[in-house]
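Residue numbers (the working numbering), protein chains in the order written: chain A, 991 to 1101; chain B, 1284 to 1397.
In case anyone wonders, no lab produced these hints; they're calculated from the structure. We put the beta carbon where it would ideally sit given N, CA and C, even for glycine. Hints should not be assumed to be uniformly reliable.
[To be verified] Beta-carbon label-pair distances, calculated as ranges:
id, chain 1, residue 1, chain 2, residue 2, range
1, B, Gly1323, A, Gln1083, 23 to 33 angstroms
2, B, Glu1311, A, Lys1066, 42 to 52 angstroms
3, B, Arg1380, A, Leu1041, 15 to 25 angstroms
Listed below, chain by chain, are the residues.
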Amino acid sequence: GQNIDQPTEMTATEGAIVQINCTYQTSGFNGLFWYQQHAGEAPTFLSYNVLDGLEEKGRFSSFLSRSKGYSYLLLKELQMKDSASYLCAVRDQAAGNKLTFGGGTRVLVKP
Amino acid sequence: DTGVSQNPRHKITKRGQNVTFRCDPISEHNRLYWYRQTLGQGPEFLTYFQNEAQLEKSRLLSDRFSAERPKGSFSTLEIQRTEQGDSAMYLCASSFRGDSREQYFGPGTRLTVT
């Protein structure tokens, strides 16, 4: 089976940096994804890691350590529009590449 | 718009009624996934298709749920004898086999069972 843990909620100030951690246990790891989801909307893709290390994309970066079963999403220069839920998801190659999601981390950006 | 589309966007039904949702994936995508998401939780996998073949079903998918993808294009998800516990957002996603990256999600169908 698979188990994915991430904090439920985080609060940060506009312009600051927030790091969202995700730990996972999986049998057929084939990549870790981060999605952003605004309330009432579909998840939208942010980042993808399949090898260890840091992937940077603008204000967002994602890190993966496969040996530790650990990832984080780093959001820099926070903007009010970044207030959303951030979903960590692991892809299982043994099951058609389905995604198993964590419960999501709700980030609230305050002025 | 060439993204994933879902219809209807909202559905309110009375307990015991049957409902059917439709998903139209991105046209060249041969994999189609259904997920269910309840408030404050991440999406949970229900089932997936490769072309018209349904290759996996979650234990969450009771015998009241059935999904089809008859021609390998659009898919339908039917829930028979709905229960209040079925109230959730039903998300469809598609991907192209061999693509190492993302699944593209549709806007979802929000089901409310009263």
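Status of each hint after checking the structure:
1. B:Gly1323 - A:Gln1083: 23 to 33 angstroms: About 29 angstroms separates the Cβ atoms of Gly1323 of chain B and Gln1083 of chain A, which means 23 to 33 angstroms holds.
2. B:Glu1311 - A:Lys1066: 42 to 52 angstroms: For Glu1311 of chain B and Lys1066 of chain A the Cβ distance comes to about 35 angstroms; the hint is violated.
3. B:Arg1380 - A:Leu1041: 15 to 25 angstroms: holds (21 angstroms)
Hint check: a violation occurs at hint 2 only; the rest are consistent with the structure.
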